[in-house]
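J.: Sequence:
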Amino acid sequence: MKKLNWINRFIFLINSLFAALLLLSYALPYVFPKSFPTLSVFSLSVPIFITVNIVFVCYWVLQFKRQFLLSLIILLMGYGHLKAFYRFSGNEESSVSEGVLKVMSFNVRLFNLYEWIPGDDVDQDIINFVNSEAPDVICFQDFHKDKEEVFVNYPYKYTVYKHRKNKNGNAVFSKYPIINKGVLDFPGNGNNGMYVDLRKGNDTIRVYNLHLESHRINPDEEALTKKNSERLFKRIGNTFAMQQTQAEMVAEHKKLCHYKKIICGDFNNTSSSNIFKLIRGDMKDTFEEQGKGLGRTFVFKFFPLRIDFILVDDTIEVLSHKNYDQKLSDHYPIKSTIRL
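Read in order, the letters of the sequence shown are residues 67 to 406 in this note's numbering.
One or more hints might be untrue.
Derived DSSO-like pairs (lysine-lysine); straight-line CA-CA distance at most 30 Å [as the list claims (entries may be wrong)]: (1) Lys327 <-> Lys223; (2) Lys233 <-> Lys223; (3) Lys266 <-> Lys241.
Simulated from the structure, these hints should not be mistaken for lab results.
Please work from the sequences and hints to get the whole structure.
T.: Okay, here's the thing in structure tokens:
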């Protein structure tokens with residue numbers, strides 16, 4: 067191999083910078099947002115760091131340069147992060163029918179109440195989509211009260227609205243009896259958490275439906291680039307600090323539950339964050355188990371973001387996980403088939 071020319075030396079310098087950023091990002095799940103709010107924001111950038119390093123590996127390989135080893139080694143060191151970002155193979159559908167439970171999570175953005183997506187039939191498209199996919203349990207975030215009676219195939223439901231006057235909140239619809247229910251009242255914001263205990267045969271399953279604090283950022287690229295970056299970082303950091311409080315509430319609450327557990331929801335954060343680590347604990351991420359591709363769940367122009375999750379207890383078998391492409395909200399629905 068020949069020595070690097072000045073162009074490649076400069077490229078390798080940039081490569082080294084992004085390799086170092088990726089390496090440092092592996093520590094982000096251990097960074098508490100309350101202590102380091104600005105630093106925790108970089109968890110949103112991990113998909114960028116991974117992608118750029120993959121590009122550098124390809125570049126150096128095509129150049130027949132051993133410099134590809136830098137990014138390759140660091141990527142392999144963070145295999146767990148890479149697996150949470152992209153899955154090469156997995157099952158999107160399961161042929162198993164006995165003893166299974168199909169669970170969907172979907173932030174429906176008030177069923178397009180304010181016509182963020184042009185068209186008069188988006189709300190009906192959402193309803194038709196859910197009915198056609200026919201999950202056994204569906205967890206809605208940003209649910210609208212006016213739609214409580216439209217899912218006639220689900221005899222059991224529980225809806226939670228943050229305030230009495232509010233018409234938006236969380237909802238769980240189930241084909242199985244709800245024998246217990248409750249609220250995780252997140253302090254000081256419009257989002258909330260909830261849970262239901264379902265009876266399926268001889269099993270009782272606790273299902274959490276979470277909607278963590280929102281960033282309230284316009285995902286439109288032009289709108290983002292016009293914002294003051296310092297103020298934006300500070301605001302997101304403060305949001306992460308609020309999410310930490312919420313995640314700690316969830317982690318403590320689920321410790322008290324001795325049933326098999328499923329956690330669904332819009333975390334408004336990525337799998338590289340301390341927030342995700344706190345909530346997940348030793349549970350399985352169904353995308354990491356059986357997902358395929360990038361697994362994006364949020365409509366964002368810069369890079370794919372996976373901020374919606376289905377987590378299950380370690381004793382539960384994940385048979386399939388599916389990410390949908392239907393653009394019926396600013397989030398994409400996800401569904402997992404599990405065996406209890």
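J.: Confirm or reject each hint.
T.: Each hint, compared with the structure:
Note on Lys327 and Lys223: the hinted pairing holds, with a Cα-Cα distance of about 18 Å set against a maximum of 30 Å. At most 30 Å may separate the alpha-carbon atoms for a hinted pair to count; Lys233 and Lys223 meet this at roughly 16 Å. Between Lys266 and Lys241 the alpha-carbon distance is near 9 Å, which keeps this suggested pair within the 30 Å criterion.
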